[in-house]
Amino acid sequence: MPEHNRRYNLMELMVTVAARQLENGKTAVIGTGMPLAAAMLAQKTRAPHLITLFEAGSVAPQLVKLPLSVADSFTQTGALMHQTMNEIMEACQRGVVDYTFLGGAQIDCYGNLNSTFIGGDWRKPKVRLPGSGGANDLASLCWRTLVIMPHDRKHFVSKLDFVTTPGYLTGPDAREAAGLPPGTGPYRVIGTLALMGFDPESKRMRVEALHPGVTPEDVVADTGFEMQFADPLPVSEEPTDEELAILRNEIDPERRIIGRS
Amino acid sequence: MPEHNRRYNLMELMVTVAARQLENGKTAVIGTGMPLAAAMLAQKTRAPHLITLFEAGSVAPQLVKLPLSVADSFTQTGALMHQTMNEIMEACQRGVVDYTFLGGAQIDCYGNLNSTFIGGDWRKPKVRLPGSGGANDLASLCWRTLVIMPHDRKHFVSKLDFVTTPGYLTGPDAREAAGLPPGTGPYRVIGTLALMGFDPESKRMRVEALHPGVTPEDVVADTGFEMQFADPLPVSEEPTDEELAILRNEIDPERRIIGRS
Amino acid sequence: MEIERTEPASIDPVGELFSSPDVDAARAFFAAKPRTLTSKLMTVAEAVDRFIHDGDYLASGGFGGVRIATAVLHEVVRRRRTHLGFAGHTATHDFQILAAGRCFDRCDAAYIVGLELRGLSPCARRYMESGEVRVAEWSNATLGWRFKAAAMGVPFLPVRTLLGTGTFEKSAAKRIRCPFTGLTLAAVPALFPDVGIIHVHRADIYGNAQVDGIGIADWDLARASKRLILTTERIVSTGEIRAEPSKTLVPYWLVDAVCHVPYGSFPGNMPYEYYSDEAHLAEWMEAGKTQAALDRFLDKYIHGPREFAEYLELAGGEKRLAELREMEPLRR
Amino acid sequence: MEIERTEPASIDPVGELFSSPDVDAARAFFAAKPRTLTSKLMTVAEAVDRFIHDGDYLASGGFGGVRIATAVLHEVVRRRRTHLGFAGHTATHDFQILAAGRCFDRCDAAYIVGLELRGLSPCARRYMESGEVRVAEWSNATLGWRFKAAAMGVPFLPVRTLLGTGTFEKSAAKRIRCPFTGLTLAAVPALFPDVGIIHVHRADIYGNAQVDGIGIADWDLARASKRLILTTERIVSTGEIRAEPSKTLVPYWLVDAVCHVPYGSFPGNMPYEYYSDEAHLAEWMEAGKTQAALDRFLDKYIHGPREFAEYLELAGGEKRLAELREMEPLRR
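Chains as they are written, first to last, in our numbering: chain A, 327 to 587; chain B, 327 to 587; chain C, 868 to 1199; chain D, 868 to 1199.
Because the hints were derived from the structure by calculation, they are not lab data. Don't be surprised by glycine CBs; every beta carbon is placed ideally from N, CA and C.
In silico lysine-lysine, BS3-like type, Cα no more than 30 Å apart, as pairs:
1) 907(D) / 352(B)
2) 1041(C) / 450(B)
3) 1093(D) / 900(D)
4) 450(A) / 1156(D)
Residues from chain B that keep clear of chain D, each with C-beta distances beyond 10 Å, as calculated:
5) 371
6) 447
7) 448
8) 450
9) 539
10) 560
11) 568
12) 570
13) 572
Footprint (simulated), chain C over chain D, 3 or more residues, beta carbon under 8 Å:
14) 1016 to 1023
15) 1047 to 1056
Given the sequences, and given the hints that come with them, work out the whole structure.
Next comes the structure, spelled out in C-alpha cells:
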C-alpha cells in the first residue's frame, strides 16, 4: 500500500472522496459504516439537503451519531417519516431514489458484487457471508450505485465466487436483457487506491482518479481484472482540514470507521 | 305487500332478521345503511364481540351513531386500528374476514348482484349506478356474503342487466372455475318478504323463512326467477321489544334507516 | 317458469386502459422530478394553473365526501378544465363536482355517481348517461391495487377479485395463471395518474404532510401520482412533522404544491376537525336535478367566488362551520 | 491479462421452496383461527410450548438486533426445538441465537450470519458452513415482499430485483413476463410462516399491539404468520390502544400469545426504550469462536436461567439496563 500524507489516513480519504460523489437535493439509501460516514460528511459540507433513507424504514432523519444498524434508534432520530422496509424498497423500485451506497466482499470488472460466500461451494461454503441483504435490491433499483471497498486482489477479482448483487452483469445491455430497470447500474467505486467509474460504452470499471501517491501500476498490481484508466487521470483531492475536523469530531469521535486504517 | 303487525315496520323486521345472521367473535366488513344498523343491533344484543371493519380503513370501532359514509368519522370512533382500504381488502383476500353485508339494485337466483346500470346499454345506460364500489371485492373474498334488498320483480330478476358482483355466477363450481377463492359465496339474502339462503347443491336461492304474514305465493309473485323453498319453512322470528327499543332509541334515533318503510 | 341463466363473463376484458402502466416511463419521470428543499406554498389557482392541464388523468384522495380537496375540484371546474381522465375510486361528492363541470371524458369507475346513503347525484347521473364519457369498470380494491402497483413500481399486481363478472369483462384487467400454484388470477395494471390531489390535516411549506385517521387509498395514490397537489387545514413547521414521523403521509420530495385551505374538505367531513354539511350536500343534489338549476348553482358557488374562503362564506360562513365542528365526533 | 467473464445467471432458479404459497390452504387456516376476545396472556415457556413445534417454519420480527423477541428465541433454544425452517430476513443476533442452538435445518437467506458493523457471527458461520442447513437465497426486499404477498392473500408478487444474479438462480423465484408491458419480472412466492414472533412496545391481554418507530417487515410478517407470538415491554389497557389507533400493528384476532417481557429485545436495541448492549453482543461473538466456549456460554445464559428476567440479571441487571436506557437517543 502506498505511503500517505500523515495528515489523514486511508479511511478518512475514502470517506471524503465518497462524500463528494453525493449530490445535494438527491435521495440516497445508505448502508452503515463508511457509506453512512460519507453521507453524514456530505450533509455537513456541500450537500446539506442530501436526503438519507435507511432500508429498514427511516426517512430523512437528523443524524446525530453513527448508527450501528440500518434499523437502530440512531437512524430514526428526527426522521421525517417512519416507514417499513418494503416501502423503502418500493420507492427505489418506483424510481424515486437516486443513489445507493454499498460494500461487498468481491467486485468484478462490471461492478457485480459478491457478499454470499467465498471458497468451497454454495452448499458447503468455506466462508459463509450474509448474502444479499438489501444490496441486490438497491443495486437493481436505485439509479446510481456507489460501492466502497478495500482495493486488493482479494476484493477486486476476475470472477466472483457468487453474483450476489448486479453490476453491469456481463456487460452492455445485460442488465436490461435480464429485466432490470434501464438507466441504472454501478456509478462509482471508492477504493483504497483510487476512485473508479465505468466506461459508458463497455460498462467496464475504470480509474477516474488516483489517490495521492498511487500509480497506475499500483492499481494494476492489486486488481484481479484488467482495469481501465480514464485520460486524463487526475489525483483525488485530499481531505480538507474542515472535512477532517467534522469527520473526527462530529461524525466518528469513537473512531469506529476512520479508526480502522 | 302483505300487511304487518303495527308493533314494527318492515325495515325494523329486516334489520332484526339481518342482525341475527351475524355471529359473535367473527369479523365482518359492513356497508352503510341497513347492514350497519343490523351489525350495530347484533353488537348490542347477541353478538357483543362481532368485529366490524369498514372498507375505507377503520377496524373494530366503538360505534356511537350510524355513519353516513363507510369512511366518515363515525366509523372511526374508538377504533382499534386505522388502516387503509387496501389493507382491509387484503385481510379479506387473506381469508380473515368472515362476513360481508351488501346491498344492490338487482339480484338473480344465484345471488349475483347488479349495481352498475339499469336499462339501455353499458355505454349509454338508462340509469347509471355507482358500479362495484367494494362489493365485487368483498363478495369475492369474504367467506360469507349477506345481501339486503327490497323484494319485488324489479330487484329479484331472472337476468341481471350487468353482473357487477359475483354470487354463485352460473351455478355449482362456477366461482371456483372463474378463480374465486373456494368456500366463499352468498350466504343469506334478507328481503322484505323473507329470509333466503342458497341450496347447498344447486346454489340456487331458496326461502329459509317467511316473514310474518307472507305466503309462498306472495314470494313467487314478487320474484323474477323460480324461487325454491326450504322444507320445513318457518316464520321469521319477530323483533323483540328489546330489539326494537335499541334500534329506535340507540341506533337510529333519526330514523334514517328504519324510517324508510 | 322459464329460467334464463345469467351468462358467465368468460371472455377477456374489453375495457379501455386510460393510462399507461409503463413503469420505466414512470421511473424516468420520477428520476427527473426535483427533490430540492424549496417552498411549494401557493394558491389553489396557481397550483391548478401549473399542474393540472386539459387532458390530464386526475386522481382525488380521501373518500368522496370525506377528506377531499374541494378547493382544487372547484378550481378545476372554475377554470373549465376539459378532457380529463378521472379515477372514480370511492368517488362521491368529488365526482359530482367534476361531473357538474363536465371536466372529464373518460373514467375508471369503481364507485361513481352515488353519494352512499344520500342517494344518486342527479347531475353525475345525467352526465354519465349522456354517452359522452368513456368508462372502464373496476372495483374499490382493484383500483386501489392499481395505485398500489404504481406506488410499488411494478406494472401489475395479481388479485383474486373481479373474476367471473361483468365488471371484469368491462375492465382492462387480464386473466393470468399463477406460476407457483396454477391458480387463475386477475392482473390489474399499474395506474400512474398525471396529478393527484389530497387534502391533509397539516403540512409544512415544503410538502411534508400528515393525516389523522384512516388512510383510505391516499398512501398509494400519493406515490402513484406523477404530480401531487396538497391542500391542508394547517401549515406547520417541519419540526412538528418530525415530532410524529409515523403520521407522515408523504415527504416533501413527492409534492408539487402546498395550498393552505382551512375547511378545505367542506362540505365533506374532515375527521378530527368537522363533520360533513348534509344540508349543503342536499342543496347540491337538488340543484343537479335540472341543468338550468345546476348552472345557477355553479355560478353562485363555484364560478362566482374568487377563492374558496368566499365559497365558505356563501355556504354558511363561520356560524355553519362552527356547527360542523361541534358535530364532529373525533374533534380534539 | 486474460479476462474471465462472470457468467450470467440465465438459467432458471433452482433454490428450494421451504413453504407452500398455497393461498387457499392459508385461507382455510385463517378461516378456522378463533377470533374470540379472550386473554392470551401467558409465559414465554407456555407460548413456545403451545405454538412452536419441531419442524415449524419460523419468522422473527424486528431487524436482527433491533426490537427482537429475544426471550422467545432463547426459549426455542432452551427447549431444543429442532428441524425448524427460518426466514433469514434482516437476521443478525436472532439468527445467531438459533444457529447456536442448531434449531433450524433450512433457511431462506436474505441477510444472515452477519451482525452488520459488528462483523460475522462465528457460531452462525460455523453452522452455515457445516453443510447441515439447506439454503435458498433471497434479498431483504424479496423476502419482505414474500411476506407481503402472503399478507395480501396472493400467491406471488411481481418484482424487479434478483434478475440476472446468482441470488436469483439460488432462489425459488420464477421469471415471468408482464401481460401488459412485456417486461421481464421476477415472481416471488407468498411466504406463510407457521409461527411469527414479534417484540412490541405495548399490547393488551387480548393481543392488540402497538409499535413505535420504523416498521421494518413486521406489518406484513404479522399478517403472513399463521400463528403469532408477541412479547411486549408493557401490558396496557385496550383503551390505551384505542386512543392511538394509527399506531396499532395488529388487532387481537391475529394473535395467539401475549407475553409480558420487559427489556425483551435485550441485548438488542428497543427504539424509544433502550439501546443495544454492544458489550454483551461482543461477548456472544467471542464465545461463538469455539464450540466449547459456546456451550459454556449457552449453559450460563440460556439453559441455566429459568426465565428471561434471570438472564437479564446475569447479563448486568438493573444497573446495565439503566445504562442502556441512558444511551437510547429516542428515549422519552
